[in-house]
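Asker: Listed here are the chains, written in short residue letters.
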Amino acid sequence: MPDPDWDEVAELALKRVTASGAEYGDIRILRSTSQTIDGEDRRIAVVRETEDVGFGVRVLYRGAWGFAASSVLSLEEAPRVADLAVDIAKGSASLASDRVRLAGEPVHRDRVVTACRVDPFAVPIEQKTTLLLETMERLHSRAGIVRSHAGLWSRRDRKLFVSTEGTHLDFDLLAGEGEYSATAVADGRFGTRSFHTPPLRQGYELIADADFLSEALRVAEQAVEKVCAPAVDPGRYDLVLDPEHLSLTMHESCGHPSELDRALGYEANYAGTSFLTPEKQGSFRYGSPHVSLVADNTEADTLAATGYDDDGVACQRWDIVRDGLFVGYCTNREVAPKIGEARSRGSNRADGWGSIPIVRIANIGLEPGMATLDQLIGDVERGIYIEGHGSYSIDQRRYNFQFGGDAFWLIEHGRRTHMLRDVIYHGITPEFWGRCDGVADRAHRRRYGFITCGKGQPGQSGWMTHAASPARFRQIDVIRGQSPG
Amino acid sequence: MTTLNSWPKLTGREEFRFLSELVFTRSAGDHTVVSLRDQHGGTTRFANNQVVQNVDSRCGTLTVTVSFGCKHGTASTTDFTAGSVQETLVRAERLARLSPEDPEYLPPPDPQQHLTLPTVREESRAAGPARRLEYAGEAIGQCRVENLSAAGIVGSSVGAIGVAASTGLFAHEERTEARFSVTVQDGEATGWASATHRSIDHLKVQERTLAAIAKAKRGEEIRDLPPGMYPVILEPAAAAGLWTWMLWSLDAKAYDKGTSPFSGRLGQRIVDARLSLDNVSAHEDLLGVGFTPDGLATGPSRWIDRGVLQQLSYDRYTANAHRIRSLPTLDAPCVSAEGAAAQSVPELIKNTKRALLITNFWYIRPVNAFDLTLTGMTRDGTFLVEEGQIVSAVKNLRFHESPLRAFNQVEACTRPLEAVTSETGKMLVPAMVLNAFHFSSATRF
Numbered sequence: 001m002p003d004p005d006w007d008e009v010a011e012l013a014l015k016r017v018t019a020s021g022a023e024y025g026d027i028r029i030l031r032s033t034s035q036t037i038d039g040e041d042r043r044i045a046v047v048r049e050t051e052d053v054g055f056g057v058r059v060l061y062r063g064a065w066g067f068a069a070s071s072v073l074s075l076e077e078a079p080r081v082a083d084l085a086v087d088i089a090k091g092s093a094s095l096a097s098d099r100v101r102l103a104g105e106p107v108h109r110d111r112v113v114t115a116c117r118v119d120p121f122a123v124p125i126e127q128k129t130t131l132l133l134e135t136m137e138r139l140h141s142r143a144g145i146v147r148s149h150a151g152l153w154s155r156r157d158r159k160l161f162v163s164t165e166g167t168h169l170d171f172d173l174l175a176g177e178g179e180y181s182a183t184a185v186a187d188g189r190f191g192t193r194s195f196h197t198p199p200l201r202q203g204y205e206l207i208a209d210a211d212f213l214s215e216a217l218r219v220a221e222q223a224v225e226k227v228c229a230p231a232v233d234p235g236r237y238d239l240v241l242d243p244e245h246l247s248l249t250m251h252e253s254c255g256h257p258s259e260l261d262r263a264l265g266y267e268a269n270y271a272g273t274s275f276l277t278p279e280k281q282g283s284f285r286y287g288s289p290h291v292s293l294v295a296d297n298t299e300a301d302t303l304a305a306t307g308y309d310d311d312g313v314a315c316q317r318w319d320i321v322r323d324g325l326f327v328g329y330c331t332n333r334e335v336a337p338k339i340g341e342a343r344s345r346g347s348n349r350a351d352g353w354g355s356i357p358i359v360r361i362a363n364i365g366l367e368p369g370m371a372t373l374d375q376l377i378g379d380v381e382r383g384i385y386i387e388g389h390g391s392y393s394i395d396q397r398r399y400n401f402q403f404g405g406d407a408f409w410l411i412e413h414g415r416r417t418h419m420l421r422d423v424i425y426h427g428i429t430p431e432f433w434g435r436c437d438g439v440a441d442r443a444h445r446r447r448y449g450f451i452t453c454g455k456g457q458p459g460q461s462g463w464m465t466h467a468a469s470p471a472r473f474r475q476i477d478v479i480r481g482q483s484p485g
Numbered sequence: 001m002t003t004l005n006s007w008p009k010l011t012g013r014e015e016f017r018f019l020s021e022l023v024f025t026r027s028a029g030d031h032t033v034v035s036l037r038d039q040h041g042g043t044t045r046f047a048n049n050q051v052v053q054n055v056d057s058r059c060g061t062l063t064v065t066v067s068f069g070c071k072h073g074t075a076s077t078t079d080f081t082a083g084s085v086q087e088t089l090v091r092a093e094r095l096a097r098l099s100p101e102d103p104e105y106l107p108p109p110d111p112q113q114h115l116t117l118p119t120v121r122e123e124s125r126a127a128g129p130a131r132r133l134e135y136a137g138e139a140i141g142q143c144r145v146e147n148l149s150a151a152g153i154v155g156s157s158v159g160a161i162g163v164a165a166s167t168g169l170f171a172h173e174e175r176t177e178a179r180f181s182v183t184v185q186d187g188e189a190t191g192w193a194s195a196t197h198r199s200i201d202h203l204k205v206q207e208r209t210l211a212a213i214a215k216a217k218r219g220e221e222i223r224d225l226p227p228g229m230y231p232v233i234l235e236p237a238a239a240a241g242l243w244t245w246m247l248w249s250l251d252a253k254a255y256d257k258g259t260s261p262f263s264g265r266l267g268q269r270i271v272d273a274r275l276s277l278d279n280v281s282a283h284e285d286l287l288g289v290g291f292t293p294d295g296l297a298t299g300p301s302r303w304i305d306r307g308v309l310q311q312l313s314y315d316r317y318t319a320n321a322h323r324i325r326s327l328p329t330l331d332a333p334c335v336s337a338e339g340a341a342a343q344s345v346p347e348l349i350k351n352t353k354r355a356l357l358i359t360n361f362w363y364i365r366p367v368n369a370f371d372l373t374l375t376g377m378t379r380d381g382t383f384l385v386e387e388g389q390i391v392s393a394v395k396n397l398r399f400h401e402s403p404l405r406a407f408n409q410v411e412a413c414t415r416p417l418e419a420v421t422s423e424t425g426k427m428l429v430p431a432m433v434l435n436a437f438h439f440s441s442a443t444r445f
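Chains as they are written, first to last, in the working numbering: chain A, 1 to 485; chain B, 1 to 445.
The shape of chain A in the complex, shown without the other chains:
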């Protein structure tokens, strides 16, 4: 059904906010259209489209927040929701001691549209289901494969952000991804190998350009090889990590600790705090001089490059770690002033109209170095090359982590030899990054990312891209991923 005029809804809501005496208010109206096609074991199990429409009003009253949201998008509902948000903010103010003061931001009036060559919603469903079925057939063509999964996902967000400061932002954003996996059984064990396109803000060209189908046989063969491979001998190894694998390592051990709200205690009850406390900014050695981690929310196609965040702050590029030194945080308009910064970094995002925006990890990537991948591997006597994502876990201050991977190869005397299984490595974040002694050059740079980053209460899913070239880490503790005894 046709929505009411969004500008009229916004005007009605924000008039109520302004009349209440609140110092700030904004409204986000959002229509999200998603398409999910999932297959398993040579069949299409899910073909689903969702339309999710609603709006949320955020109010800052005497330095305290209130937020109310509704899926009933109407001219009658807008003032009611706005009034509720004001009431809730007044309640919050009754318990406020350190009142919120927003960092300044110029007023923006803009429209942001994802550039796309092929509209994913215009691609025939049959074309997508055929691709997934052919992919699964190809996976199962390899003896030993007993299970498969393949999926495609697309989303379009039409969003309006309007604030009482006069900012008016209109968005038409796309995102998509594709993935599949094969599970092999051999020798009484089982194991899975996966393929992922990165989730990116692109059209269906993301899938078309990804060699989606042609990679399937390799994935199936490596699933069988992996499950038959010898288990790793625990010990210290040099690790060479591929960009997809590094995306998770960076996300967990650099991305989350660089969220300033965590460092200030906002997430103490759930996602946790951060060892990167504010007094360390500018002086703490996070890694070796080879390690420069840059937040870039301006790079085209990446998930956090939305032009503006949900504070209405323009996307930016800045350093998190420069030459091994911790220098910057991901911030929003609320927390930036608490460390004396005049402007937010524009990292405040909500996962839908019904969620209040919170600080999220930016598109944090590892800056390329000078080496080639062959040079990184060639200088390893005894090591392991790791691709993709596997097991992952990290403590609530982001010191102690443990990672697996999707595929592992033993490196001996400068050469990648055979696959291994059950490889798990663990470490302490600054010690681990301190052991980085080489990063491959820009020609090896690849982008991966996440649309399922959990944070906040109620829980929200954050979206961000992490780019890297392969990197080498010396003498890392490796254990076997099996139960003791």
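These are calculated hints, taken from the structure and not from any lab test.
None of the values given here were measured: they were computed from a predicted structure.
Worth double-checking, as some hints may not be accurate.
[As the list claims (entries may be wrong)] Pairs of lysine-lysine, DSSO-like flavour, derived with a Cα cap of 27 angstroms: (1) B:K71 - B:K253; (2) A:K15 - A:K159; (3) B:K204 - B:K253; (4) B:K204 - B:K217; (5) A:K15 - B:K253; (6) A:K280 - B:K253.
Fit chain B to the known structure of chain A by using the hints.
Answerer: Chain B alone, transformed into the frame defined by chain A:
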């Protein structure tokens, strides 16, 4: 403050019946299913002894699945107007026509006899921002008095859930839920407590905040212990973290394909012979529901009987292949221990010579799906117990262990106690003393 009554009311039973009939009347499909999820709730979140988030949200979603033979498609909307519902049906029909045949498709279930459970508590339905703020203020106030810092949430919600199918299946249920969680910080030390219940009156905010305060205060003196094998006392939340991954791994299709840690072990002992796992949908301290998302009836069932695996979690297709007519559900899990002598965690501590007391685990993830090896960190209260007393706090440790091994090391248990964490659903589970539990590394706090 504005009350809930000023909001559009949730979709009632007759309203849902009307909406679903509207869809069935107009559907061209061989079968049609309409699902409802209409939720209104809010969360007051606090940190550093003040409110940092205070939200209230209403969201209704109607989902339509249409099938033509074995081809099916699904569409959903948040707009409940007749025109939008019609448009959603048309989208579902279009997707179904364009989909390939699904060899595992089954028509929706026939009408079912659903249990009528006490899923709604009026005090939770009536609770709004003011009540949530009052509880948050109570937790903050207790911590301020002790010069400690509180972070946490108070949440409450009411939802209308429904499933209807052109076969005549119809189910509608209202469900309330209230949540409280608090982390108390005393310098570097933290203590934590959490509760979820159908009734907001059962959150016991004061009692749980005091428990978290006591844990934080005990953490002032902290000891480094090397990783290795230790006896442990798992508080209910910590035990629930391990049990949850066992529950999630009971999928029957994976079992059949040989990709389950339980493959070939149905009818065999998998945990200590004193332990049993039941589903108790009607238990008033659990969050049991009357029906599954498919509209199937829930009910009591036994999954592990004195250590022996008795039951798997079936999708309808796999159940049909096994000629299983009544699918067991795990909406309200309860682990019990035969002959459990202790009533409480303090009693377990009192009878323990030496062990690590674990309040909770965090970021539990699978390491190896084959033997169900898991990893995770201890969090918000890890202590050394010697000669029946807590003697010091211990820096957090990372475990690397399979519950299938650990739950065969049971020394002692309490009766089933309430447990819920940020990573697990609500369950009843005993606190447990395990003789040997493996920690693979340590962290710095």
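Asker: So, for every hint listed, does it hold in this structure?
Answerer: So, going through the hints one by one against the coordinates:
1. B:K71 - B:K253: Given pair K71 (chain B), K253 (chain B) holds - Cα atoms ~21 angstroms apart, limit 27 angstroms.
2. A:K15 - A:K159: Holds. K15 (chain A) to K159 (chain A) sits at ~20 angstroms (cutoff 27 angstroms).
3. B:K204 - B:K253: Roughly 41 angstroms separates the two Cα atoms, so the pair is violated.
4. B:K204 - B:K217: Roughly 20 angstroms between the alpha carbons, so the hint for K204 (chain B) and K217 (chain B) holds.
5. A:K15 - B:K253: At roughly 56 angstroms apart (the allowed maximum being 27 angstroms), K253 (chain B) and K15 (chain A) break the hint.
6. A:K280 - B:K253: With Cα atoms ~51 angstroms apart, K280 (chain A) and K253 (chain B) exceed 27 angstroms; violated.
When each numbered hint is compared with the structure, violations occur for hints 3, 5, 6.
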